[in-house]
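K.L.:
Sequence:
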Amino acid sequence: MKQFKTESKKLLDLMINSIYTNREIFLRELVSNASDAIDKLSFMALTDPSIQLGTDQLAIRLAFDKDARTITVSDNGIGMTEEELDRNLGTIAHSGSEAFKEANAEHQGEDIDIIGQFGVGFYSSFMVAQRVRVVSRAYGSDQAFAWESDGVRGYTVTPALPGERDGENDHGTDVTLYLRESGPDDEDGPDKYLSEWGLRDLVRRYSNYVRHPIQMMVTKSRELPKPDDAGDDYVPQYESYQELETLNSMTPIWKKRSSEVEQDDYDEFYTSTFHDWEAPARTISFHAEGSLSYDALLFIPSRAPFDLYSKDYEKGLALYSSNVLIQEKCAELVPDHYNFVRGVVDSPDVTLNISRETLQHNSQLRAIARRVERKIHDELLSMRDDDREAYEKFFENFGRGLKFGIYNSYGAAAGDLAELLLFWSAREGKMVTLAEYVRSMAEGQKAIYYAAGDSRERLEKTPVVKSALAHGYDVLLCTQDVDEFMFQVMRTYHDEGMAGDSEHAGTDPRDLELTNVSTADLDFATEEEKAAAEKAGEEHASVFDAVREALGDKVVAVRASARAGEAPACISTEGPVSLEMERILAEGPEGERAPEARRVLELNAGHPVFAKLTAVQEAGDSEKLALYASLLYDQALLVEGLPVDDPVTFAKNVCSLM
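Just add 1411 to wherever you are in the sequence shown, counting from 1, and you've got our numbering.
Calculated directly from the structure, the hints in this document are not laboratory data.
Computed from a predicted structure; not experimentally measured.
Every residue gets a Cβ at the ideal spot worked out from N, C-alpha and C, and that includes glycine.
Treat the hints loosely; a few may be bogus.
Stated by the list, open to error - Just the calculated beta-carbon pair ranges, DEER-fashion:
| no. | residue 1 | residue 2 | range |
| --- | --- | --- | --- |
| 1 | Ala2005 | Met1661 | 54 to 60 Å |
| 2 | Arg1615 | Glu1495 | 39 to 45 Å |
| 3 | Ala2062 | Pro1920 | 53 to 59 Å |
| 4 | Lys1477 | Trp1688 | 31 to 37 Å |
The whole structure should be built from the sequences, with the hints applied where relevant.
P.N.:
This is the structure:
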């Protein structure tokens, strides 16, 4: 028996117990080796006219024996000599496929597509097998040889037994795994691979697009002919039979140009692969060639998955290398704000980790990710401009993620994502982009105004929004919890200007502030209205001071308002925390410790209620003034959609007036 070198023993132990984290990839590695062997023989046939070989003769066969606990992977490829068995399988990390690729680099990707590169994939077999026997006969050789090992003590290379690869043109390789026993509590043990379903599932998941057919004898059922003398009570009879079936589809749809594929085919691939019952809203197919080659097929779903905004949701695109699945969800290929995109990227050029389960993080992967992000962005812009109804439906499903992308990047992603945002226009009564809002701004307007709350209908009725509309300013009504946080980090929106637009000629590029209409120092009033409010504040300063004293630390100021409209009072805020932000933060994990807004009570000096308030103050009835102040404050909170501080006291105050 030949012995592994000491270092090789250590490496083999690492291979079996450390390098691979998922034992089921053993079949992927063996199928990839078989595919390489067939490709090498195909290449020989192309370069040597004496080799007559039909491509329909080349295939990979799978078989299993449940009683013997064996799985066999066979190919009719180039095979190995005795020396090659010793060198390729006895020397760990020696890759015959890699050497072949280097010797024939100029032909890679034409008629050959060699997968192997590390020379270690074969040894993943020992994760599930206690013993492995490889019988191989090199093309053109009369003798087959067998390599056998338990992965611990060493290996043997001997002539094959009679009946093993000794037929005419019986070149190729058989790899037989003698599986380990599964423990009583080992749900993921090797036993699950000893079935048609188990092997079929592994092929579908990892090797579905290997370019050569992967075949297996499968059991099927068919109805027997009805006997001539059968009566009316005849029950159909069935028989089982064996049939050779190709398990893989071989041709990846993402390798084809979009002009060659019908949309129905893309839809079928999407629904079957990503388990969605609804066709995608958009399909993106593109290809890159050159120093970095790859194919990509992306899908924008028509609806959000139920767990999109849960902590268990995993983003990522399926990453293939030479048609072999490397990662089911490669998170590095898409940014978080496009986490809803599904699809496939296939590149032979990405640098893989030795286990091929993970990637080396490098410039190649980042280059692909940048191109993917740009393609998604351009497709969404196209949908926004060409099919607004479809885009509004998309935004309803996924807009929150785009907004969070701006917030999560501290505004760095706003340059691209701001173009994709939609908001409800209080004046237009429809969804608009920020650019559309800017194009319809009032003359002299220098900011984009928004209001944040839990209901569009309620926001439209608030005094500050009604005041803005009455003075000719549109307001964006924001009802998602992320909206105001996003605007806080965006701060401004860059308007490119409309110099080339005859309707808006002469508009230069500018940065417009994003301003909450409930900000205390914001006032849409005319100069006359402002003057009237200022005069009322001066004439009735004692009233405002008395109300401020009655409310205590509930407010930081009480002042005359020129924007309350028909309402007797309204609430505004000073500082970065608005009323809506306070509400959202209070519902979060911080709860009562969350920061509070600096509230300002604005009184409408032209409202009849203010006259009552003034009369009470002049009469010296401090108790009634405190009652009125409390009611006005609570009423203003309710209008803003916020709970009153003390519902019991509020109810008592209302009853006392009745």
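K.L.:
Confirm or reject the claim that Arg1615 and Glu1495 have a C-beta distance inside 39 to 45 Å.
P.N.:
About 31 Å separates the Cβ atoms of Arg1615 and Glu1495, which means 39 to 45 Å is violated.
K.L.:
If you check the beta carbons of Ala2005 and Met1661, does the distance land in 54 to 60 Å?
P.N.:
The hinted range 54 to 60 Å holds for Ala2005 and Met1661, with Cβ atoms some 57 Å apart.
K.L.:
Note whether the CB distance of Ala2062 and Pro1920 lies within 53 to 59 Å or breaks it.
P.N.:
With Cβ atoms ~55 Å apart, the hint holds.
K.L.:
Using the C-beta atoms of Lys1477 and Trp1688, is the stated range 31 to 37 Å upheld?
P.N.:
Distance hint for Lys1477, Trp1688 holds at roughly 35 Å.
Violated hint: 2 only; the structure is consistent with all others.
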